[in-house]
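K.L.:
Dock the two chains into a complex; use the hints.
Taken in order, these protein sequences are the chains called V and L. In terms of numbering that gives the first Met the number 0, the first sequence opens at residue 0 and continues consecutively. In terms of numbering that gives the first Met the number 0, the second sequence opens at residue 0 and continues consecutively.
Treat the hints with care, since some could be wrong.
Computed list of chain L residues with no C-beta within reach of chain V, every gap over 10 Å [said to hold, decoys possible]:
id	residue
1	Asp31
2	Phe86
3	Gln106
4	Ser118
5	Ala142
6	Ala150
7	Arg153
8	Met179
Reference listing, derived: stretches of chain V covered by chain L, where coverage requires no fewer than 3 residues with Cβ under 8 Å from a Cβ of chain L [unchecked claim]:
id	stretch
9	189–202
10	218–232
Estimated spans, in silico, between C-beta atoms of each pair [stated by the list, open to error]:
id	chain 1	residue 1	chain 2	residue 2	range
11	V	Arg195	L	Asp134	28 to 36 Å
12	V	Pro26	L	Thr58	29 to 37 Å
13	L	Gln233	V	Arg317	52 to 60 Å
14	V	Asn46	L	Ser109	44 to 52 Å
15	V	Leu118	L	Tyr151	39 to 47 Å
16	V	Arg195	L	Gly178	34 to 42 Å
17	L	Thr58	V	Pro119	29 to 37 Å
18	L	Arg61	V	Pro119	31 to 39 Å
19	V	Leu123	L	Arg19	31 to 39 Å
20	V	Lys126	L	Asp185	41 to 49 Å
Worth flagging that the hints you see were computed from the coordinates, not collected in a lab. The beta-carbon is built from N, C-alpha and C at its ideal position, and this holds for glycine as well.
Listed here are the chains, written in short residue letters.
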Amino acid sequence: MTTAVESEPGAKPGPARSGLVAVSRAPWWVRYALLVAGLAVALWLPNGLYPAVAVDILCWALLAVSVDLLLGFTGLMSFGHAAFWGTSAYLAGIAAIKAGLPFPVAVLTGALGAAVIALPIGYLAVKRTGIYFAMVTLAFAQMIYYVANKWGSVTGGENGLQAVPRELGGLDLSDEYYFYYAALPIALLGLWAAWRIVNSPFGRVLVGIRDNPARARALGYPVHRYKLTAFVLSAFLAGLGGGLFAMGHQFVSLDVLHWTTSGKAVIVVVLGGIGTLWGGVLGAALLVRLEDWLSFSGFEQIGLVTGTIFVLAVLLFRRGIWGTAVDLVRRWQARRGRTED
Amino acid sequence: MAGQALLSARGLTRDFRGFRAVDQVDLDVAADSVHALVGPNGAGKTTLFNLLTGFLPPTAGRIELAGRDVTGLPPEQVARLGVARSFQITSLFPQLCAREHVELALQSPSGLGWRFWRSVKLMGRYRERAEELLDMVGLAELAEAPAEALAYGRKRALELAIALALDPKVLLLDEPTAGMGLEDVDRTVDLIATVRKGRTVVMVEHNMSVVGRLADTVTVLQAGKVLVEGPYEQVRADERVITAYLGAADAAH
Chain V
0 MTTAVESEPG
10 AKPGPARSGL
20 VAVSRAPWWV
30 RYALLVAGLA
40 VALWLPNGLY
50 PAVAVDILCW
60 ALLAVSVDLL
70 LGFTGLMSFG
80 HAAFWGTSAY
90 LAGIAAIKAG
100 LPFPVAVLTG
110 ALGAAVIALP
120 IGYLAVKRTG
130 IYFAMVTLAF
140 AQMIYYVANK
150 WGSVTGGENG
160 LQAVPRELGG
170 LDLSDEYYFY
180 YAALPIALLG
190 LWAAWRIVNS
200 PFGRVLVGIR
210 DNPARARALG
220 YPVHRYKLTA
230 FVLSAFLAGL
240 GGGLFAMGHQ
250 FVSLDVLHWT
260 TSGKAVIVVV
270 LGGIGTLWGG
280 VLGAALLVRL
290 EDWLSFSGFE
300 QIGLVTGTIF
310 VLAVLLFRRG
320 IWGTAVDLVR
330 RWQARRGRTE
340 D
Chain L
0 MAGQALLSAR
10 GLTRDFRGFR
20 AVDQVDLDVA
30 ADSVHALVGP
40 NGAGKTTLFN
50 LLTGFLPPTA
60 GRIELAGRDV
70 TGLPPEQVAR
80 LGVARSFQIT
90 SLFPQLCARE
100 HVELALQSPS
110 GLGWRFWRSV
120 KLMGRYRERA
130 EELLDMVGLA
140 ELAEAPAEAL
150 AYGRKRALEL
160 AIALALDPKV
170 LLLDEPTAGM
180 GLEDVDRTVD
190 LIATVRKGRT
200 VVMVEHNMSV
210 VGRLADTVTV
220 LQAGKVLVEG
230 PYEQVRADER
240 VITAYLGAAD
250 AAH
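Looking at chain L on its own, in the form it has when it is part of the complex (with noise of 0.2 Å):
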């Protein structure tokens, strides 16, 4: 299991102020595998996503990608190493349009963005891409619409599609589903299972439907601990998961 995980935490550890956010996590995740993080709120997966793409430096443990040290690197770097994330509350350029984050991000790992010389025109060149992956999430007709006009689930799709952009090794999805309809939730699922061929992903997602059609490992985790890890069908089956996750759910029943 070890060897051949992608990207993987020992005793990561992160504290804000007294509080233990994550707490000695221990995490491999297996290359192209889909890797589900569950757990209440305040469990610590989004701080533990933070952790992994640079945003917190953890106050101990150690974090590889593909067997290279990669603590503490800015997420600059993490994201020009393969690693790219989305946001759980929705992140974007309110002013510019949709086309125009997609070509941002392909435009990231060529020199371009430095050429303050040059005109802007030379992101035309990255057009016919965006535009593919506009088509992709379901955007292409509002590819021109600026990003603060769009509607919450377009902005989810255009999140996802500036990560695959990117054209990560590994993607993190925080939550990619919440907040949709139906249909939508759908679409996004049929999206993930598309674009995680040859690639790793790991997603934070509270709707247990979307976990089991998409995750091969799920993490469960409490108080920032390690619960569970398993296939889907064992964790959910775990008491120890039910008590804690699905607890209040159940006992509804």
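The following block holds chain V by itself, in its conformation from the complex (with noise of 0.2 Å):
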């Protein structure tokens, strides 16, 4: 039974975000643009990066994506997805060391596992909105945490899992350049779910659901579910990228279960722009990157520059790159409207 009222009928609705993008309004060839370029951009990229740093792009794609389908587009600040990484991650190495499934398996074993979690964690946490939803999930997010550190036997504890075989009917993707190749499909896969739920009858409740909660359940839908079922789904794209993270690192620590591993899929998003999807996965892009040449010039203090390059996206940029970007254009449209009247 719920008597907690979502917020008072009548009170002032949300404030208009209208920095989201709810629904796509951009004319089909710029879409089909925009997809060719990605999908190329996706395939070249080992090429020009690092292979092993455009496995993590594809993995933090899809955690932002994740994240950003609560944030953005069920307006739930999710500050725990570490959990469902981080449980994928460990579920998958597992999978892949003590069953020795191919990888592809080994990774969807990891995502079905954070969807399960989701489910206890989501049925508590949807009950509450804006900070406490955010509180709700860090604390459970830190409880696994304490529990995968103490569980050594099973998790290695500090040590971690070592040596995770990336299996794949007898492939040798032991160099990275090729496990990207192999990782690739499933990274779309996922990245394409997340944008069938945005583009789906459900996905256009939740943005209903996000902007005005009260009324969503005056039209007779169930709210609570519908985050529940949002946040499970969440949940299992995280758990995605966290498996692919294990496989493509071949080892796992306790920093996948780590808080600041929540944080940073947060700022990815603010980065990228919060409610654009395809934000998510240019901030990731970026991020990663960064951290990586940072890390690779032997400056140590990366998270003050993330930390910082949050701020001035937050300050200055609050509909982030995607966000930004999308608007400029819908100006110059209005001015060149105006003109050519």
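P.N.:
Put into structure tokens, the structure is as follows:
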């Protein structure tokens, strides 16, 4: 029984977040051009970057869209997605080591595991909104971190899981360059799934819930159950990323469950643009690349740089890279429309 | 009377931290009638609406819809049972266009909303009906406008279209003409007169001419209690109502 009132009916509806792109209204040729360009970049990526970094970008892109599915399209800020990323990383690693599963199956196992633990966590979390939702997710993620740390017989404790094999029908995937192309279809499938969810009847209900939960309830939509479904789907996508991450590094450490992973996921989404989906992919690419470059040049205070970028993004580009770009294009079109009249 | 009541309340009470907003209200809304709730600000009209639609649980009392106990049901279930409401302060989805609002309402009773693996284009099946409803409330031209860009009166009209899209047995309208110009008020009154056929309408309304033109029964609330109930003409002439509700205005004459 739900007695908690979502928000006082008749109260001021949520602020119009005009920065959010609720529904794609770009012409079809623009969308296809962007799709082709995006695929071309994805195919070229390990030729232009260190292949291991390219794999990391895929993983973080999945985590970013999973966080944006909640933050941008459902109006829920999760500060505990490390729980799903990390749980899946461990599960995938164990499935590959102990059961010798092919790596895509191991990743899928991890993602399903993440979705399963998301069910009870989400059940408790979606009854809260705003900062309280964020705190509940963070608290559960910290609990899982603690359990993983203590449960050394399974997780390897401080040592983590070493030498995770990445098996696929006898193919030699030890070279990161080839592994990237083996991992790419899984990542693209995950990104496609996120796009499909956002552009489905379900996604339209989520946008309604984000903008005005009381109104959605008055229409007969069980808001909590919708949020919970979104939460579980999001955890699955985060799990795909985490599982691939374990395969990419062939090593799982407690870092995958650390709260800084959850924080970085939020930073990536804010940087790319909340509620834009593809902005998160862009944000992931930029941040992973930047961190790699910084650590390569021997700079040790990486957190200082990412933190500064986060602050600048929040202060100057509230719509993120993607959102700002969309906004500029729209203004340009509006101006052109006026001069033509 | 009680026998043919579609929506009824018995001893309905709601406290807010020691303040009793709705106090032992008995209400019988007859099927196919227009029932107006009037009263000064703070009389508990909107709270009563929130109780009837499940947005607030009552502190005490009982609510029945067509003989079924619906006390304490969450708002989405009350809506599913055929009770649609509009909000006093316009309550829309700012990012969606007018047509998408109505489509979302039309979709609600089906299971389509759960299909996260299907294309949003499937919602196109509601397009025709959505455009009919928008036309009905005079929004045909503005179907593609985002809700946040609509003028106030248009937003109110959209509220009505959304409520109608649910094809409710009971339509609860919270100040449907508030803030509207004369022309829009007339159109809204005509519209309510049209859509009430085969429906039960409960409305909170301050505009007494609107009440007079539409309502079969008027319930006057004061300080959370039912002061008077009866047909419009009778209620309007009641001394207690004049003192409580119109007193200030009459004193000015």
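K.L.:
Hints first: check each against the structure and report whether it holds.
P.N.:
To see whether the hints hold, each was checked on the structure:
{"no.": "1", "hint": "Asp31", "verdict": "holds (23 Å)"}
{"no.": "2", "hint": "Phe86", "verdict": "violated (5 Å)"}
{"no.": "3", "hint": "Gln106", "verdict": "violated (6 Å)"}
{"no.": "4", "hint": "Ser118", "verdict": "violated (7 Å)"}
{"no.": "5", "hint": "Ala142", "verdict": "holds (14 Å)"}
{"no.": "6", "hint": "Ala150", "verdict": "holds (15 Å)"}
{"no.": "7", "hint": "Arg153", "verdict": "holds (16 Å)"}
{"no.": "8", "hint": "Met179", "verdict": "holds (17 Å)"}
{"no.": "9", "hint": "189–202", "verdict": "holds (count 7)"}
{"no.": "10", "hint": "218–232", "verdict": "holds (count 8)"}
{"no.": "11", "hint": "V:Arg195 to L:Asp134: 28 to 36 Å", "verdict": "holds (32 Å)"}
{"no.": "12", "hint": "V:Pro26 to L:Thr58: 29 to 37 Å", "verdict": "violated (55 Å)"}
{"no.": "13", "hint": "L:Gln233 to V:Arg317: 52 to 60 Å", "verdict": "holds (58 Å)"}
{"no.": "14", "hint": "V:Asn46 to L:Ser109: 44 to 52 Å", "verdict": "holds (48 Å)"}
{"no.": "15", "hint": "V:Leu118 to L:Tyr151: 39 to 47 Å", "verdict": "holds (43 Å)"}
{"no.": "16", "hint": "V:Arg195 to L:Gly178: 34 to 42 Å", "verdict": "holds (41 Å)"}
{"no.": "17", "hint": "L:Thr58 to V:Pro119: 29 to 37 Å", "verdict": "holds (32 Å)"}
{"no.": "18", "hint": "L:Arg61 to V:Pro119: 31 to 39 Å", "verdict": "holds (34 Å)"}
{"no.": "19", "hint": "V:Leu123 to L:Arg19: 31 to 39 Å", "verdict": "holds (33 Å)"}
{"no.": "20", "hint": "V:Lys126 to L:Asp185: 41 to 49 Å", "verdict": "holds (44 Å)"}
Hint compliance for this structure: hints 2, 3, 4, 12 are broken, all remaining hints hold.
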